[in-house]
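Undergrad: Could you build the full structure based on these sequences and the hints that come with them?
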Amino acid sequence: MIPAWHYDGQTATRYEVYVVAQDDGLRLDLGEGRSDVAPWGDLFWIDKRDGASVFGRKGIDGWRVGIPLPMTDLLARRLPPQSRYGGLVDKFGIWPAVAGFTALSAAVVLVLWKAPDVVAPLVPMSWEQKMGDAMVGDLGGRICDGAEGQKALDALVRRIDPDAANLRVRIVNVDMVNAAALPGGQILIFRGLLQEAKNPDELAGVLGHEVGHVRNRDVMQALLRQMGLSLLLGGVGGDVGGALNSAMSASYSRAAESRADDYAINLMRTANVSPLPTAGFFDRLAEGERKLGKGAVAMSYMSSHPLSDERRKVFLASARKGAAYAPAVTPQQWRAIVDACANDPDVKEGDLF
Amino acid sequence: MGIGNQDQTAFEFRGDWKEFFPIAASNLLLTLVTLGVYRFWATTRERRYFWSQTRFIDDTLEWTGTGKELFLGFLMAIVALILPVIGLQFLIQALILQGQTVLAGALGLGFYVVILFLVGFATFRALRYRLSRTHWHGIRGGSEDPGFRYGLSYIWKTLVGGLALGLLIPWSMTSLWSDRWNQMSFGPHRFESAPEWGGLMKRFLLLYLTPIAAILLLIIAAIAGAISGSSDADIGIAGSVGAVVLAFYVVLPLLALGYYAAFFREVVDTLSLTTINFQFTARTKEWFLLFLGNAGLFILALIAALIPISALGLFSGFADLQPGQDPFAQNPGMVIGMVLALIIPMSLVGPFIRYRNWRFFIRNLEATGVIDLDLLTQSQTKVGSHGEGLFDALDMGAM
Chain Z
1 MIPAWHYDGQ TATRYEVYVV AQDDGLRLDL GEGRSDVAPW GDLFWIDKRD
51 GASVFGRKGI DGWRVGIPLP MTDLLARRLP PQSRYGGLVD KFGIWPAVAG
101 FTALSAAVVL VLWKAPDVVA PLVPMSWEQK MGDAMVGDLG GRICDGAEGQ
151 KALDALVRRI DPDAANLRVR IVNVDMVNAA ALPGGQILIF RGLLQEAKNP
201 DELAGVLGHE VGHVRNRDVM QALLRQMGLS LLLGGVGGDV GGALNSAMSA
251 SYSRAAESRA DDYAINLMRT ANVSPLPTAG FFDRLAEGER KLGKGAVAMS
301 YMSSHPLSDE RRKVFLASAR KGAAYAPAVT PQQWRAIVDA CANDPDVKEG
351 DLF
Chain S
1 MGIGNQDQTA FEFRGDWKEF FPIAASNLLL TLVTLGVYRF WATTRERRYF
51 WSQTRFIDDT LEWTGTGKEL FLGFLMAIVA LILPVIGLQF LIQALILQGQ
101 TVLAGALGLG FYVVILFLVG FATFRALRYR LSRTHWHGIR GGSEDPGFRY
151 GLSYIWKTLV GGLALGLLIP WSMTSLWSDR WNQMSFGPHR FESAPEWGGL
201 MKRFLLLYLT PIAAILLLII AAIAGAISGS SDADIGIAGS VGAVVLAFYV
251 VLPLLALGYY AAFFREVVDT LSLTTINFQF TARTKEWFLL FLGNAGLFIL
301 ALIAALIPIS ALGLFSGFAD LQPGQDPFAQ NPGMVIGMVL ALIIPMSLVG
351 PFIRYRNWRF FIRNLEATGV IDLDLLTQSQ TKVGSHGEGL FDALDMGAM
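Going down the list, the sequences are from chains Z and S. Counting from 1, one number per residue, gives the positions in the first sequence under the numbering used here. Counting from 1, one number per residue, gives the positions in the second sequence under the numbering used here.
In short, the hints are calculated from the structure, not lab data. What you are looking at is a predicted structure, and each value in this text was computed from that prediction instead of being measured. All C-beta atoms, glycine included, are put in the ideal place defined by N, C-alpha and C. A hint or two may mislead.
What the hints assert, rightly or not - Incomplete in silico selection of chain S near chain Z, CB under 8 Å:
id : residue
1  : L29
2  : L30
3  : T34
4  : T60
5  : G67
6  : A94
7  : H135
8  : G138
9  : L376
10 : Q378
Said to hold, decoys possible - Okay, derived cross-link-like pairs now, DSSO-like style, lysine-lysine, Cα gap no bigger than 27 Å in a straight line:
id : chain 1 : residue 1 : chain 2 : residue 2
11 : Z       : K48       : S       : K285
12 : Z       : K58       : Z       : K48
13 : Z       : K91       : S       : K68
14 : S       : K68       : Z       : K58
15 : Z       : K48       : S       : K18
16 : Z       : K48       : Z       : K198
17 : S       : K202      : S       : K68
18 : S       : K382      : Z       : K58
19 : Z       : K91       : Z       : K48
20 : S       : K202      : Z       : K91
21 : Z       : K198      : Z       : K151
22 : Z       : K114      : Z       : K91
23 : Z       : K198      : Z       : K348
24 : Z       : K91       : Z       : K198
25 : S       : K68       : S       : K285
TA: Written out as structure tokens, the structure reads:
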């Protein structure tokens with residue numbers, strides 16, 4: 001007979017009782033000859049309070065018994081143990097649980113990081129196209145889609161990639177020295193890049209690089225990876241602007257960038273377009289990088305790409321000595337491409353984001 | 001049982017931060033290694049501690065919520081609420097990018113109304129959840145109301161409060177408070193709330209008119225300066241710019257605190273549960289000290305984070321960024337070290353701010369009146385752990 005306190009869950013009245021360990025459960029002597037037996041399996045540990053261990057009883061809301069500490073061995077053996085961190089952690093102990101969770105988390109991160117490589121090629125191109133359309137649309141009228149410019153650009157695309165049927169290359173009226181591959185074979189060339197490029201072969205090199213990203217399914221991979229990671233970090237972001245932005249600034253792996261460069265070089269070789277102007281373009285960019293210094297670099301084309309100087313060397317090395325290269329497009333076509341935005345009367349101007 | 005006599009306050013918090021620290025630290029460790037999943041169990045452990053250290057009259061409170069129900073509630077909230085909301089947001093932005101601004105605008109307005117509803121609904125549910133998981137003497141609270149009606153009144157009262165140039169905000173705040181609390185109960189008794197907003201208007205107008213007055217002052221000073229054209233005027237303008245900055249960063253927050261302190265006293269002082277009346281004693285000064293202390297904790301954590309980072313030169317890989325370099329790929333170990341040095345102290349701020357907030361709330365809460373324990377019978381409100389009741393765990397504060 002051990003003195004204890006008890007709430008029956010019916011009223012707030014506190015009862016002074018005696019508890020006895022029986023085979024079938026904990027017996028509470030409520031006084032005046034009344035008693036109540038709580039089966040051992042129904043009792044659960046709640047708390048330590050004012051020098052007593054408090055237990056609840058499954059199925060009876062608010063039923064409590066507080067047994068003063070220290071408890072007799074008989075009671076301590078039959079009553080449920082103290083719980084601290086939650087069921088699973090208590091079962092294994094905190095350090096084994098920490099080790100187990102760490103391993104599991106590492107595995108999850110690894111899967112999320114690697115899965116896009118496997119999953120991206122399996123996404124049907126038609127889905128990707130729908131996604132790209134939903135994300136881009138007409139970019140709020142900022143596409144320079146005057147007939148002449150677009151026609152000349154299409155000619156350039158066909159010239160370096162005869163298999164260009166599922167590509168959609170367009171010029172955007174935004175002053176950024178950049179080009180981007182988006183889902184669904186969409187490639188955007190920004191006006192700033194056209195102003196920076198000295199001749200069509202330079203543009204052909206950059207375009208070939210973006211075509212490489214499209215063909216290698218890099219875009220989908222980067223997008224899936226981004227989605228997986230943001231899901232993991234709890235920031236389930238759902239705005240298109242953000243998605244578009246991250247797709248554009250998507251940091252493809254260094255390997256993917258090199259593969260895209262190789263792809264561009266191959267395209268140019270097949271099309272008999274000289275890689276030297278592209279090397280020259282990277283040389284100018286590298287010059288700019290040296291001048292720009294640290295802060296401005298992060299804002300520009302180069303930050304998401306390998307070192308321009310390295311790339312210059314790759315393009316330079318791919319040139320064949322004594323080859324008779326032909327220009328990517330005619331001078332008239334090149335003018336039409338460069339002036340595409342100026343000649344499009346209804347294009348809107350402005351920053352994208 | 002009579003309460004609230006001179007000798008003893010009805011509510012007392014007797015926690016000890018040294019006792020709380022192991023809870024916060026182990027919570028952080030488990031949350032880190034589970035990529036955040038443990039946070040629901042962490043919240044539960046925190047609350048169990050706060051509640052168990054809170055005495056009301058002769059016994060402590062008891063938190064009976066579980067991590068599992070918070071976790072399931074979170075999953076349900078994601079599927080039923082957050083994913084549709086994100087989908088809608090995605091659609092609206094896609095429409096904007098495609099130039100369909102009218103349709104996007106209409107959808108955006110609808111989106112705003114839906115969000116308002118959800119905020120109201122979630123506030124109601126959080127309160128209902130907390131009361132239904134709070135036991136005292138084996139008795140708990142709850143509500144019969146699922147909270148949909150509250151969500152609707154939250155929409156229109158917020159809109160009306162804001163539309164009248166924001167002048168009716170005290171009305172909407174007090175009115176929504178009583179809409180919420182009048183639906184809550186403890187044991188068999190309903191809470192009764194009847195706050196009045198008229199008395200709050202003086203402090204609210206002070207808060208409301210000060211920035212307007214400051215801007216007017218600035219304009220007058222600028223005009224006066226332009227007319228006289230003297231160098232003294234430049235000093236005058238500099239002085240008034242300084243005054244405006246001071247107003248926005250020091251005076252305005254203080255006035256807001258002053259208003260909120262009055263609001264909170266009003267709504268708690270007019271709250272009762274059958275024969276018990278509640279009071280809240282904190283004045284602006286106490287609220288100010290609470291926020292000052294919380295800000296101090298934050299700064300302390302920042303210093304604690306920056307010392308190891310700068311000592312180990314962890315920034316060195318990042319301070320000298322070169323084009324095309326990817327410091328994250330080059331020193332993964334350093335990145336992890338830096339992130340941990342930042343995350344560990346910064347994540348301990350949250351639990352201790354919650355600790356201080358709870359202590360502040362309990363220390364300033366008072367109750368007077370008489371309780372008949374025999375009449376305080378068990379609550380008959382629903383406390384489902386699955387199905388509809390799971391929505392109870394839509395506890396925004398826990399997420």
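Undergrad: Determine for every hint whether it applies to the structure shown.
TA: Going down the list of hints, with the structure as the test:
1. L29: With a closest approach of 6 Å, the L29/S hint holds.
2. L30: 7 Å, holds
3. T34: 5 Å, holds
4. T60: 6 Å, holds
5. G67: 5 Å, holds
6. A94: Hint on A94/S: holds, closest Cβ of chain Z at ~5 Å, below 8 Å.
7. H135: With a minimum Cβ separation of about 6 Å from chain Z (threshold 8 Å), the hint on H135/S holds.
8. G138: Since the shortest Cβ distance to chain Z is 3 Å, the answer is holds.
9. L376: Holds. Min distance 4 Å.
10. Q378: Interface hint status for Q378/S: holds (6 Å vs cutoff 8 Å).
11. K48/Z - K285/S: 36 Å, violated
12. K58/Z - K48/Z: The hint holds at about 18 Å.
13. K91/Z - K68/S: Since the Cα atoms of K91/Z and K68/S sit roughly 16 Å apart, the hinted pair holds (cutoff 27 Å).
14. K68/S - K58/Z: Roughly 17 Å between the alpha carbons, so the hint for K68/S and K58/Z holds.
15. K48/Z - K18/S: 17 Å, holds
16. K48/Z - K198/Z: Not satisfied, since the Cα-Cα distance of roughly 79 Å exceeds 27 Å.
17. K202/S - K68/S: 46 Å, violated
18. K382/S - K58/Z: Distance of about 16 Å is within 27 Å: holds.
19. K91/Z - K48/Z: 20 Å, holds
20. K202/S - K91/Z: Cα-Cα ~58 Å, so violated.
21. K198/Z - K151/Z: Holds, because 20 Å separates the two Cα atoms, which is no more than 27 Å.
22. K114/Z - K91/Z: Violated, because 32 Å separates the two Cα atoms, which is more than 27 Å.
23. K198/Z - K348/Z: Holds: K198/Z and K348/Z sit about 25 Å apart, inside 27 Å.
24. K91/Z - K198/Z: Violated. K91/Z to K198/Z sits at ~69 Å, over the 27 Å cutoff.
25. K68/S - K285/S: 39 Å, violated
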